[in-house]
Amino acid sequence: MRKVAIIGAGMTKFGEEWNRGFRDLIIEAGKAALEDSKLPGEDIEALYVGTMASGSLIGQEHAGALIADFMGLTPIPSTRVEAACASGGVALRQGFMAVASGMHDIVVVGGVEKMTDVTGGNVALALGGAGDQEWELFTGATFPGIYAMMARRHMLEYGTTEEQLAAAAVKNHKNASMNKFAQFQNEITIETVMKSKQVASPLKVFDCSPVTDGAAAIVLCPLEKAKKLCEKPIEIVASAQASDTLALHDRKSLSSVYATQVAAKKAYEMAKVSPKDIDVAEVHDCFTIGEIMAIEDLGFFPKGKGGKATEDGKTALNSEISINTSGGLKGCGHPVGATGIKQAVEIAWQLRGSAGARAAKDAEIGLTHNVGGSGATAVVHIYKKAF
Amino acid sequence: MDESLAITWRRIPERYRLEGSACSKCSSNFFPPRKLCPTCRRKGTISAKTFCGKGKIYSFTEIFSPPGGFELEAPYTIAIVQLEEGPKITAQITAPHGEIKIGDPVEMVFRKIQEDGEEGLIHYGFKFRLVK
Numbered sequence: 002m003r004k005v006a007i008i009g010a011g012m013t014k015f016g017e018e019w020n021r022g023f024r025d026l027i028i029e030a031g032k033a034a035l036e037d038s039k040l041p042g043e044d045i046e047a048l049y050v051g052t053m054a055s056g057s058l059i060g061q062e063h064a065g066a067l068i069a070d071f072m073g074l075t076p077i078p079s080t081r082v083e084a085a086c087a088s089g090g091v092a093l094r095q096g097f098m099a100v101a102s103g104m105h106d107i108v109v110v111g112g113v114e115k116m117t118d119v120t121g122g123n124v125a126l127a128l129g130g131a132g133d134q135e136w137e138l139f140t141g142a143t144f145p146g147i148y149a150m151m152a153r154r155h156m157l158e159y160g161t162t163e164e165q166l167a168a169a170a171v172k173n174h175k176n177a178s179m180n181k182f183a184q185f186q187n188e189i190t191i192e193t194v195m196k197s198k199q200v201a202s203p204l205k206v207f208d209c210s211p212v213t214d215g216a217a218a219i220v221l222c223p224l225e226k227a228k229k230l231c232e233k234p235i236e237i238v239a240s241a242q243a244s245d246t247l248a249l250h251d252r253k254s255l256s257s258v259y260a261t262q263v264a265a266k267k268a269y270e271m272a273k274v275s276p277k278d279i280d281v282a283e284v285h286d287c288f289t290i291g292e293i294m295a296i297e298d299l300g301f302f303p304k305g306k307g308g309k310a311t312e313d314g315k316t317a318l319n320s321e322i323s324i325n326t327s328g329g330l331k332g333c334g335h336p337v338g339a340t341g342i343k344q345a346v347e348i349a350w351q352l353r354g355s356a357g358a359r360a361a362k363d364a365e366i367g368l369t370h371n372v373g374g375s376g377a378t379a380v381v382h383i384y385k386k387a388f
Numbered sequence: 145m146d147e148s149l150a151i152t153w154r155r156i157p158e159r160y161r162l163e164g165s166a167c168s169k170c171s172s173n174f175f176p177p178r179k180l181c182p183t184c185r186r187k188g189t190i191s192a193k194t195f196c197g198k199g200k201i202y203s204f205t206e207i208f209s210p211p212g213g214f215e216l217e218a219p220y221t222i223a224i225v226q227l228e229e230g231p232k233i234t235a236q237i238t239a240p241h242g243e244i245k246i247g248d249p250v251e252m253v254f255r256k257i258q259e260d261g262e263e264g265l266i267h268y269g270f271k272f273r274l275v276k
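Going line by line, the protein sequences match chains A and B. Taking our numbering as reference, the numbering of the first sequence is continuous, increasing by one, and the terminal residue is 388. Taking our numbering as reference, the numbering of the second sequence is continuous, increasing by one, and the terminal residue is 276.
None of the hints are false.
Partial selection, computed: residues in chain A whose CB lies under 10 Å from chain B:
| # | residue |
| --- | --- |
| 1 | Asn-123 |
| 2 | Glu-135 |
| 3 | Trp-136 |
| 4 | Phe-139 |
| 5 | Thr-140 |
| 6 | Thr-143 |
| 7 | Ile-147 |
| 8 | Arg-153 |
| 9 | Lys-198 |
| 10 | Val-200 |
| 11 | Pro-203 |
| 12 | Cys-209 |
| 13 | Thr-246 |
| 14 | His-250 |
| 15 | Leu-255 |
Just so you know, the hints here were simulated from the structure itself, not pulled from any lab data. Yeah, the Cβ is synthetic: ideal placement off N, Cα and C, and Gly gets one too.
Using the sequences plus the hints, can you model the full thing?
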């Protein structure tokens, strides 16, 4: 297996981008990544694109071919990858395997979601497809509701409080305030979260990631070649993915995400590092409880201590471990299929030292963690400076 | 999501009567029914099993932002119920959110779940109510 590196990274502004459509977003991100790599488009051998629900959200399937077409990249192979909210992370893994295997040298991996072209109720229906349509969503359950039931178990089993959940949102808004690509660049307080409208108790509006339009892209190539092509290649030292039951109710535990634990263990083994070696991580905080469970399941904090650690500021920028420097899904926004790629873009910027005011100082090793649905898919990648 | 007549008809045993399945090789019970035992896979022996409809609340939430089709119901309570026979399932609870807690005993009741618009199907199925 060949070693694989990121040699280009780019993304669009995340937000309610009413004046831009699906195609505009992915083209802008792709161009930014390619310009960053300084490679001509003719060198690209294959495309992988994560998008979760283009069919429900804009009535468009066959997104792989569409993107190759409008990026002027026909006839190279272009593959759409779908794994709900983990579509981006799984697409990255497909690109990684294509390069690692020797099948392709230069591969572009993108992620995109256009979510504001339909009304809120339809967005909820489309995202519901990440769970079990027949046995969860049919009853009137929603995704915030599903995560709310995880939160309630976590609170019962470990004494986690609503204020501790809120602390994750407060920290992520602070990080997002230093990110010009973020949807929300305003700081909030614990009180903002606690007084916000109930969505699915105990989760409130400010516990939830928003509806977002956006795209992100990276350029991959073999590490040996990367060292000749660019000054600051970032090596992907681990790529791991795990699956679990589609429906939350079939899991043994609701207060942890087993697929994350399995993917993390495999990733640490592959990278030959341990959780304490990670300097900066982008984790899947679709809801605040998601971040609390992630920092426990990834091994950064003992099970049940994630809420306290967050409240004590141990996950803030340049503290014990810098978590979600981009602002996470809560602050930076969550264009579902784009999220997994945006996480990789952020870690590449952090390790190259180009994250500006939100730089995690002296970061050498980074990690991304992308979850599909309530934990039926989890993808973990680990990155190292290769310069 | 608007469902066709076919799926509504096909799901009647499960949704109206809590018919699931069981694997006699490893004695696991499944609801919704599985046609393949995830433990024994092809070596398992699957048969139909009707659940008694009694269980306990394992976790719950009150939905304030409903998906399309449930606007008139909100707020309503959704729970994961652990059935006496083992499996956990997702269902609405008929009692208001403030009246329930984790561990409360509940039993299945037959209720209208949702309607597909003015001319669409009316979907029936299980909800759970508190056992006093």
